[in-house]
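Chemist: Protein sequences, first through last, are from chains F and V.
Per numbering that gives the first Met the number 0, residue 0 is the first one in the first sequence, and the count goes up by one each step.
Per numbering that gives the first Met the number 0, residue 0 is the first one in the second sequence, and the count goes up by one each step.
Simulated from the structure, these hints should not be mistaken for lab results.
The beta-carbon is built from N, C-alpha and C at its ideal position, and this holds for glycine as well.
Heads up, some of the hints might be wrong.
[To be verified] With a Cα cut of at most 20 Å, we get these calculated SDA-like pairs of lysine to any residue:
1. F:Lys-39 with V:Lys-211
2. F:Lys-39 with V:Ala-164
3. F:Lys-40 with V:Asp-133
4. F:Lys-43 with V:Gly-140
5. V:Lys-211 with F:Pro-334
6. F:Lys-40 with V:Ala-129
7. F:Lys-40 with V:Arg-132
8. V:Lys-211 with F:Thr-261
9. F:Lys-43 with V:Lys-184
10. F:Lys-40 with V:Glu-97
11. F:Lys-39 with V:Asp-197
12. F:Lys-1 with V:Leu-174
13. F:Lys-231 with F:Ile-279
14. V:Lys-211 with F:Glu-336
15. V:Lys-184 with V:Asp-197
16. F:Lys-1 with V:Gly-140
17. V:Lys-211 with F:Arg-257
18. V:Lys-211 with F:Gly-329
19. F:Lys-39 with V:Ala-131
20. F:Lys-39 with V:Gly-140
21. F:Lys-157 with F:Lys-190
22. F:Lys-1 with V:Ala-164
23. F:Lys-190 with F:Gly-159
24. F:Lys-43 with V:Asp-136
25. F:Lys-40 with V:Lys-184
26. V:Lys-211 with F:Ser-333
27. F:Lys-1 with V:Ala-130
[Claimed, not checked] Computed list of chain V residues with no C-beta within reach of chain F, every gap over 10 Å:
28. Asp-55
29. Gly-104
30. Gly-114
31. Glu-148
32. Ser-159
33. Thr-168
34. Glu-178
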Amino acid sequence: MKVLMKGNEAIGEAAVRSGCRHFFGYPITPQTELSAYMAKKLPKAGGVFLQAESEISAVNMVYGAAAAGVRAMTSSSSPGISLKAEGISYLAAADLPCVIVNIMRGGPGLGGIQPAQSDYFQATRGGGHGDYHLIVLAPNSVQEMASLTAEGFNISEKYGIPVMLLGDGTLGQMMEPVDFDLIPEPEAYEKPWAACGTENKREKNVVKTLYLEADELERTVIEREEKYTRVKKELQRYEEKYTDDADIIISSYGITSRIVETAVRKLRDEGIKAGIIRPITLWPFPEDIYKKVDPKAFLSVEMSTGQMVEDIKLACECRRPVYFTGRTGGVIPSPQEIAEKAKQILKEVCGDGI
Amino acid sequence: MSEIHIFSGHYGSGKTEIAVNFAIAQQKAGKNVTIIDLDTVNPYFRTGDLRNMLEDMGISVIAGRFASSNVDMPLAPAEVMRAFGNKGCFIFDVGGDEDGAYALGCYAGRLKKNGFEMHLVVNLRRPLTAAARDIMDIKRGIEAASRLEFTDIYNNTNLSAETDADTITSSVGELVELERLSGLKVVKHCGTKAALSDIEESKAFPMELYLKLPF
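My request is simple: use the sequences and hints to build the entire structure.
Modeler: Encoded structure:
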């Protein structure tokens with residue numbers, strides 16, 4: 000049966016259904032409903048909800064729980080994720096599965112409390128120190144927030160890589176019907192590395208990130224890099240629409256893609272051949288599809304000053320011009336301004352013949 | 000004495016949408032209407048967002064000066080006091096759960112002296128308020144925090160854009176249980192005209208949806 004939920008709540012419910020019984024949080028607008036939901040729900044499900052004394056504590060509690068082999072989650076919004084960055088780097092270095100939620104708001108600094116997508120670089124390029132990646136999933140509806148949370152736990156355990164669920168304030172706050180019968184089932188992965196008690200039957204497991212011998216550290220980094228190469232091959236996810244005949248392909252992720260859909264419908268109504276590629280995995284970026292399509296131009300629409308646009312340029316190897324439009328600081332672009340920009344680009348690229 | 004209506008309930012139950020529709024209906028009935036945004040909990044999807052539209056209709060809006068801005072602060076504007084001792088119809092849109100109801104509590108004495116109706120807004124398609132006993136928990140929390148008691152129930156069971164007549168009629172069974180547990184009556188079923196097709200007219204509260212997404 001469908002229920003009506005906020006995006007933030009749907010993440011919580013999906014996590015509980017996926018077997019997550021350990022949530023460590025610290026409140027911040029606009030993701031607080033997730034913490035509030037877990038506070039109400041987890042004790043009833045036999046789990047632990049803990050409001051830590053800071054974001055840094057919360058992320059390190061996730062390290063502890065994940066190292067013990069259980070499904071754990073933490074969540075925050077932009078400035079809070081910056082605080083968690085050190086712990087995220089440690090989680091990646093220890094190859095620990097977990098789900099970290101970022102419901103983005105305007106930045107930099109304390110920024111604002113309205114929705115934004117300006118943490119793309121932070122999510123896909125690191126944010127913490129060292130050679131590492133997170134798997135970054137970008138839902139665009141409340142239903143997808145639930146599905147990708149459930150899938151996030153599975154993927155994270157499959158590869159031993161922390162997953163970041165990257166949403167924004169609008170997705171977190173808006174309410175839509177959601178059907179939990181449609182979300183993926185939890186998959187069981189062996190965790191022979193887990194520090195969950197030896198019962199005097201085996202050598203102890205140590206989950207660590209400190210390697211003082213340079214060649215030993217290099218070996219762990221290279222092994223992880225090989226894993227990243229495999230993930231890049233296996234996990235690229237996207238949605239495409241009307242790309243076959245498209246003169247311009249518009250890319251956006253998350254809530255912005257809902258606005259782009261309206262803009263593209265409007266453009267198609269006017270006879271303009273606009274198409275859509277919506278990345279669902281931001282890391283690994285779905286670069287293969289950008290090598291297959293052949294529009295006259297690409298356009299990236301983001302609620303930032305232009306971050307994903309760089310990945311599109313890399314992905315299409317600059318075979319075609321890549322443009323950017325967007326709003327930032329908590330301002331949401333309108334379908335009209337996106338459609339106007341697309342028309343202007345086509346004029347530039349094709350002259351008046353279009 | 001002023002006429003005072005308070006809409007409260009679980010967060011996300013649709014209080015703001017109902018309060019706005021209620022205000023417009025009262026205005027159309029010829030009353031002098033003021034809507035008060037007392038939501039100190041959530042800065043998204045607020046009455047304050049509709050200020051221009053409401054004021055154009057001749058409805059006064061009282062909202063924190065910084066409501067829905069980037070420095071949103073949990074403050075109760077001094078103008079709320081206009082609701083007491085002035086003629087007119089005053090509608091309070093209260094923040095969700097007991098957390099939001101604390102703000103209402105600071106007016107408890109004045110509200111009791113003036114008289115009020117406090118409507119419990121429920122949406123049985125919300126996972127934390129799907130069962131009558133869960134709604135009773137939230138009801139008790141709000142009543143304790145606000146030091147006020149509900150007078151009746153507004154059924155706002157909905158699935159947003161996917162709501163149809165079945166969505167509303169499917170809630171009736173659990174509502175009977177809620178009426179039994181709470182001793183309150185469900186006085187209105189809320190929804191768009193189409194979704195209310197199976198509801199008798201005296202109990203229907205037809206709504207337009209004013210709080211919209213940006214696409």
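Chemist: Next step is simple, just say for each hint if it's right about the structure.
Modeler: Now for the hints, and whether the structure bears them out:
1. F:Lys-39 with V:Lys-211: violated, 29 Å
2. F:Lys-39 with V:Ala-164: violated, 31 Å
3. F:Lys-40 with V:Asp-133: holds, 12 Å
4. F:Lys-43 with V:Gly-140: holds, 18 Å
5. V:Lys-211 with F:Pro-334: OK: V:Lys-211 and F:Pro-334 at ~14 Å, within 20 Å.
6. F:Lys-40 with V:Ala-129: holds, 14 Å
7. F:Lys-40 with V:Arg-132: Holds: F:Lys-40 and V:Arg-132 sit about 15 Å apart, inside 20 Å.
8. V:Lys-211 with F:Thr-261: holds, 14 Å
9. F:Lys-43 with V:Lys-184: Not OK: F:Lys-43 and V:Lys-184 at ~30 Å, beyond 20 Å, violated.
10. F:Lys-40 with V:Glu-97: holds, 17 Å
11. F:Lys-39 with V:Asp-197: Violated. F:Lys-39 to V:Asp-197 sits at ~35 Å, over the 20 Å cutoff.
12. F:Lys-1 with V:Leu-174: holds, 18 Å
13. F:Lys-231 with F:Ile-279: holds, 13 Å
14. V:Lys-211 with F:Glu-336: holds, 18 Å
15. V:Lys-184 with V:Asp-197: Since the Cα atoms of V:Lys-184 and V:Asp-197 sit roughly 19 Å apart, the hinted pair holds (cutoff 20 Å).
16. F:Lys-1 with V:Gly-140: Not OK: F:Lys-1 and V:Gly-140 at ~27 Å, beyond 20 Å, violated.
17. V:Lys-211 with F:Arg-257: holds, 13 Å
18. V:Lys-211 with F:Gly-329: Roughly 17 Å separates the two Cα atoms, so the pair holds.
19. F:Lys-39 with V:Ala-131: Judged against 20 Å, a Cα distance of about 17 Å means the pair holds.
20. F:Lys-39 with V:Gly-140: holds, 14 Å
21. F:Lys-157 with F:Lys-190: holds, 10 Å
22. F:Lys-1 with V:Ala-164: holds, 15 Å
23. F:Lys-190 with F:Gly-159: Status holds; Cα separation ~10 Å.
24. F:Lys-43 with V:Asp-136: It holds: about 15 Å lies between the C-alpha atoms, which stays within 20 Å.
25. F:Lys-40 with V:Lys-184: Cα-Cα ~29 Å, so violated.
26. V:Lys-211 with F:Ser-333: holds, 13 Å
27. F:Lys-1 with V:Ala-130: Holds, at about 15 Å.
28. Asp-55: About 21 Å separates V:Asp-55 from the closest Cβ of chain F, which puts it past 10 Å; holds.
29. Gly-104: Nearest chain F Cβ is 20 Å from V:Gly-104, so the label holds.
30. Gly-114: Given that every Cβ of chain F is farther than 10 Å from that of V:Gly-114, nearest at about 33 Å, it holds.
31. Glu-148: holds, 24 Å
32. Ser-159: Incorrect as stated: the minimum Cβ-Cβ distance to chain F is 6 Å, not above 10 Å.
33. Thr-168: Check passes; 14 Å lies beyond 10 Å.
34. Glu-178: holds, 22 Å
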